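There are 2 protein chains.
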Amino acid sequence: METYLIFKDLAIVIFAAEVFGLLARKLKAPQVVGQIIAGLLIGPSVLGLVNLNDNNSAIAYLAEIGVMLIMFSAGLETNLKDLLNTGLLSLIIACVGVFVPLIGGFLLFSFFYYGGIPAAGSKEFFEAVFMGTIMTATSVGISVQVLKELGKLKSKVGQIILSSAIIDDVIGIVVLTFVMSLSGEGGGESKGIGRVCLDVVLFFVFTIVLGIIIYNVFKLLNKKYSHHRRLPILGLAFGMIMAYCAEALFGIADITGAYAAGIILCNIKDSDYVAEKMDINSYMIFGPIFFVSIGLKTQFDGMTSDILIFSLLFVVVALATKVIGCGTIAKLAKFNFRDSLKIGVGMMTRGEVALIVASKGLAIGLVDQKYFAAVILLIICSSIATPIILKLLFKGDKDDSGSGGEKTEQIAENSAPAPAQS
Amino acid sequence: METYLIFKDLAIVIFAAEVFGLLARKLKAPQVVGQIIAGLLIGPSVLGLVNLNDNNSAIAYLAEIGVMLIMFSAGLETNLKDLLNTGLLSLIIACVGVFVPLIGGFLLFSFFYYGGIPAAGSKEFFEAVFMGTIMTATSVGISVQVLKELGKLKSKVGQIILSSAIIDDVIGIVVLTFVMSLSGEGGGESKGIGRVCLDVVLFFVFTIVLGIIIYNVFKLLNKKYSHHRRLPILGLAFGMIMAYCAEALFGIADITGAYAAGIILCNIKDSDYVAEKMDINSYMIFGPIFFVSIGLKTQFDGMTSDILIFSLLFVVVALATKVIGCGTIAKLAKFNFRDSLKIGVGMMTRGEVALIVASKGLAIGLVDQKYFAAVILLIICSSIATPIILKLLFKGDKDDSGSGGEKTEQIAENSAPAPAQS
Numbered sequence: 005m006e007t008y009l010i011f012k013d014l015a016i017v018i019f020a021a022e023v024f025g026l027l028a029r030k031l032k033a034p035q036v037v038g039q040i041i042a043g044l045l046i047g048p049s050v051l052g053l054v055n056l057n058d059n060n061s062a063i064a065y066l067a068e069i070g071v072m073l074i075m076f077s078a079g080l081e082t083n084l085k086d087l088l089n090t091g092l093l094s095l096i097i098a099c100v101g102v103f104v105p106l107i108g109g110f111l112l113f114s115f116f117y118y119g120g121i122p123a124a125g126s127k128e129f130f131e132a133v134f135m136g137t138i139m140t141a142t143s144v145g146i147s148v149q150v151l152k153e154l155g156k157l158k159s160k161v162g163q164i165i166l167s168s169a170i171i172d173d174v175i176g177i178v179v180l181t182f183v184m185s186l187s188g189e190g191g192g193e194s195k196g197i198g199r200v201c202l203d204v205v206l207f208f209v210f211t212i213v214l215g216i217i218i219y220n221v222f223k224l225l226n227k228k229y230s231h232h233r234r235l236p237i238l239g240l241a242f243g244m245i246m247a248y249c250a251e252a253l254f255g256i257a258d259i260t261g262a263y264a265a266g267i268i269l270c271n272i273k274d275s276d277y278v279a280e281k282m283d284i285n286s287y288m289i290f291g292p293i294f295f296v297s298i299g300l301k302t303q304f305d306g307m308t309s310d311i312l313i314f315s316l317l318f319v320v321v322a323l324a325t326k327v328i329g330c331g332t333i334a335k336l337a338k339f340n341f342r343d344s345l346k347i348g349v350g351m352m353t354r355g356e357v358a359l360i361v362a363s364k365g366l367a368i369g370l371v372d373q374k375y376f377a378a379v380i381l382l383i384i385c386s387s388i389a390t391p392i393i394l395k396l397l398f399k400g401d402k403d404d405s406g407s408g409g410e411k412t413e414q415i416a417e418n419s420a421p422a423p424a425q426s
Numbered sequence: 005m006e007t008y009l010i011f012k013d014l015a016i017v018i019f020a021a022e023v024f025g026l027l028a029r030k031l032k033a034p035q036v037v038g039q040i041i042a043g044l045l046i047g048p049s050v051l052g053l054v055n056l057n058d059n060n061s062a063i064a065y066l067a068e069i070g071v072m073l074i075m076f077s078a079g080l081e082t083n084l085k086d087l088l089n090t091g092l093l094s095l096i097i098a099c100v101g102v103f104v105p106l107i108g109g110f111l112l113f114s115f116f117y118y119g120g121i122p123a124a125g126s127k128e129f130f131e132a133v134f135m136g137t138i139m140t141a142t143s144v145g146i147s148v149q150v151l152k153e154l155g156k157l158k159s160k161v162g163q164i165i166l167s168s169a170i171i172d173d174v175i176g177i178v179v180l181t182f183v184m185s186l187s188g189e190g191g192g193e194s195k196g197i198g199r200v201c202l203d204v205v206l207f208f209v210f211t212i213v214l215g216i217i218i219y220n221v222f223k224l225l226n227k228k229y230s231h232h233r234r235l236p237i238l239g240l241a242f243g244m245i246m247a248y249c250a251e252a253l254f255g256i257a258d259i260t261g262a263y264a265a266g267i268i269l270c271n272i273k274d275s276d277y278v279a280e281k282m283d284i285n286s287y288m289i290f291g292p293i294f295f296v297s298i299g300l301k302t303q304f305d306g307m308t309s310d311i312l313i314f315s316l317l318f319v320v321v322a323l324a325t326k327v328i329g330c331g332t333i334a335k336l337a338k339f340n341f342r343d344s345l346k347i348g349v350g351m352m353t354r355g356e357v358a359l360i361v362a363s364k365g366l367a368i369g370l371v372d373q374k375y376f377a378a379v380i381l382l383i384i385c386s387s388i389a390t391p392i393i394l395k396l397l398f399k400g401d402k403d404d405s406g407s408g409g410e411k412t413e414q415i416a417e418n419s420a421p422a423p424a425q426s
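Here the protein sequences come in this chain order: A and B. The opening residue of the first sequence carries number 5 in the numbering used here; numbering runs sequentially from there. The opening residue of the second sequence carries number 5 in the numbering used here; numbering runs sequentially from there.
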């Protein structure tokens, strides 16, 4: 019956997120950076005002709903035609964006701890492979939010970053399962690479079949209830079902399911209206809590100089490999240098997926607890660096995002009055 | 890391709430009734699709935030002048609305189980007193939502119901503590009647002092950021802080704190704009979850015919005593019969407070687990009966709720398109 205790933490989180988000904007940085730093400050690593312990699962739940809402409305604001046009390129970028960091992490760990590549198949070998695997998955949530703030989500570059990051998640999961089944440590976790690929295929089939049905249902609903609250409410329920099914039925990240749900609805007449209602829920409570919680998760105790050096190298390699890998492909695909760099940087961010991979590694004894500091440092650095660099790169470009982008830019623009309808 | 599991339950809850809310409206009943019934159906007592076990605290948290949001925006939509005008009358109605049920419950239990009044001071005596205490507190959340749906929240009758229910909560807490300290069973729980009265006074002083400061801060913010998302966000943070402080510092229900926060901000220029943003959060996710969760909490196992009969009498007495007690005072205050009945019926609803009182009684050994069925039955019946009767009573009245009421009526009106700005 002590549920009232959550209000203290929630109030602190929401207030800090708002204040530091504003501060970040005044310093011309995206507000998500401010919100993550707010989490660092109020979290255990500095002030310790809010702690993510078991009594505090409320924040974890709200953060999970937050990232789900962000991905869902990202899907809603997707231009399906563009996504399909950029599909092949995104696929290639995603693959390279997985394998270059995988190799980079493998080499870093091997040479840092063993001065060379351990015998293939040995425990050391798989430890090194796993360290690389942690580096693979881009966290799309942060990039999406930044692209929204910049009003570039619907731009070609934005679409490529978004779809690559999504595909990248899927490939990351395949790689993880591959490594785990090879290392024979998977136990209950492991389900075999064949099964994983099958699941991925089945998920796409499931999404397409269900998508066609649901899309037509919503088209009818939209006719009957134009600009009516029923659409966002039922849309939200559908997004949540997809998030659940993706993970429960196919072992694919729930955020990927939410994004797919958004894409399914992105062509209904009121998709902007639905997305806008999601945004209001998102910016009022759920979104800030998600970004603050990244900072809250951070703890810097138990840091030895040895781990510290490794962590810093880990971060550098993880960021560099994504930028070089993805950027190179973009350049080969005839993007100019600046846009290629945007795509590379947009793929830099790591998030909860990296933590999930690391904890799976911990569970099967291939990753030591002490390396979590490195993973968290990577999440923090990439979450802070990516938005700033992306904003600098986009600055001065003329807007190529279309009206939708404009709208989201306005809605996200904190120091300008929100438009009447938001 | 299994947070994705919440999405299944949330999707079911949101979908069921929407469908049955719509169904209720088609049957000319308020949609909250549909939502509570939806909870009954999907909950353990019927289909068992969603269970409120420990793994599912997400729904409990969201429901708590939901009732907090409802109370906060109820405060925002309060007409402070009317509240002060109705203050004394509300106080009297609240007092009578506490003591008549208290005596009713005491007599029912005494005669049902002991065929007469037990010796004062005996355990049986305090068991009977406690059964009455459970009946005292009106649950304002449901009445508020219904009055909003009917667009009568700002009407004189609506204001009296609302403020009486609020005062009634406070008196209920005083009575509870009084009984517990008298019965000498309180233990850590009990803090003495003097202390309780002091806390209530201190809470009002705290609210007034803080209120004057915060009100002026928000007046300045409102000047700087008219119709800007910053106002609802900071308002929400303030509402949550007040909810926390009320319960943590003064032992007063968190919803009372949230309502006080709303009243503090009800006179800023953009109070309607802030309330509207709260409503969007509330109707999309939190509100439905709160009302569905009332149904979810219900379990009818372990029902003996003995308990069943007592439960039914318990419900009848609890409802009748409120209607008669509060209605009579209203009639004496020169309200016509119909309006007096509205006030009496509006005070009938019981909710989480009754459950809290019962569980405190369980904790100190004055209430047996088996009587929880009676309490839950009371919550269900009153939650379903009150909205229907209120709607019937208000039907045919000409609207006396002012534009604010009109707006909320529109917003709540599910089968009419939501206004552009919602």
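In case anyone wonders, no lab produced these hints; they're calculated from the structure. Watch out, some of these pointers could steer you wrong.
Pairs involving identical chains hold if they fit within one copy or between any two copies, as the list cannot separate such chains.
[Said to hold, decoys possible] DSS-like mimics (lysine-lysine), calculated; alpha carbons at most 27 angstroms apart, straight line:
| id | residue 1 | residue 2 |
| --- | --- | --- |
| 1 | Lys395 | Lys374 |
| 2 | Lys374 | Lys32 |
| 3 | Lys227 | Lys30 |
| 4 | Lys338 | Lys30 |
| 5 | Lys273 | Lys127 |
| 6 | Lys127 | Lys223 |
| 7 | Lys30 | Lys374 |
| 8 | Lys227 | Lys32 |
| 9 | Lys227 | Lys85 |
| 10 | Lys338 | Lys223 |
| 11 | Lys223 | Lys30 |
| 12 | Lys374 | Lys338 |
Predicted model only: the values in this text are computed from it and were never measured.
*Between Lys227 and Lys85, at a C-alpha cutoff of 27 angstroms, which is it: within one copy, between copies, both, or neither?*
Answer is within: at 23 angstroms inside a copy they meet the 27 angstroms cutoff, but 44 angstroms across does not.
*Check Lys374 against Lys338 for me: Cα-Cα at most 27 angstroms, and say if that holds within a copy, between copies, both or neither.*
Classified as neither; 42 angstroms inside a copy, 74 angstroms across copies.
*Intra- versus inter-subunit Cα pairing at 27 angstroms for Lys227 with Lys30*: Classified as between: cross-chain Cα gap 19 angstroms, same-chain 43 angstroms, threshold 27 angstroms.
*Which holds for Lys338 with Lys223 at a C-alpha limit of 27 angstroms: within a copy, between copies, both or neither?*
neither (38 angstroms within a copy, 54 angstroms between copies)
*First find the shortest C-alpha distance between Lys338 and Lys30 inside one copy, then the shortest across copies, and answer within, between, both or neither for a cut-off of 27 angstroms.*
neither (36 angstroms within a copy, 58 angstroms between copies)
*Status of Lys374 relative to Lys395 across identical chains (alpha carbons, at most 27 angstroms)*: Close neither inside one copy (33 angstroms) nor across copies (62 angstroms); limit 27 angstroms.
*27 angstroms Cα cut-off: does Lys30 pair with Lys374 within a copy, between copies, both or neither?*
Answer is neither: 36 angstroms inside a copy and 59 angstroms across each miss the 27 angstroms cutoff.
*Pop the pair Lys227 and Lys32 into one bin, within, between, both or neither, using alpha-carbon distances up to 27 angstroms.*
between (42 angstroms within a copy, 24 angstroms between copies)
*If the cutoff is 27 angstroms on CA atoms, where do Lys127 and Lys223 land: within, between, both or neither? Let me know, please.*
neither (54 angstroms within a copy, 64 angstroms between copies)
*asked:* Regarding Lys223 and Lys30, is the shortest C-alpha distance of 27 angstroms or less found within a copy, between copies, in both, or in neither?
replied: Between copies, since 22 angstroms is at most 27 angstroms while 42 angstroms is not.
*Could you place Lys273 and Lys127 in one of the four classes (within, between, both, neither) given a Cα distance threshold of 27 angstroms?*
Answer is neither: 55 angstroms inside a copy and 66 angstroms across each miss the 27 angstroms cutoff.
_Same-copy or cross-copy closeness of Lys374 to Lys32 [CA-CA at most 27 angstroms]_ = Neither. Shortest intra-copy (35 angstroms) and inter-copy (61 angstroms) distances fail the 27 angstroms Cα cut-off.
Violated hints for the displayed structure, listed by number in ascending order: 1, 2, 4, 5, 6, 7, 10 and 12.
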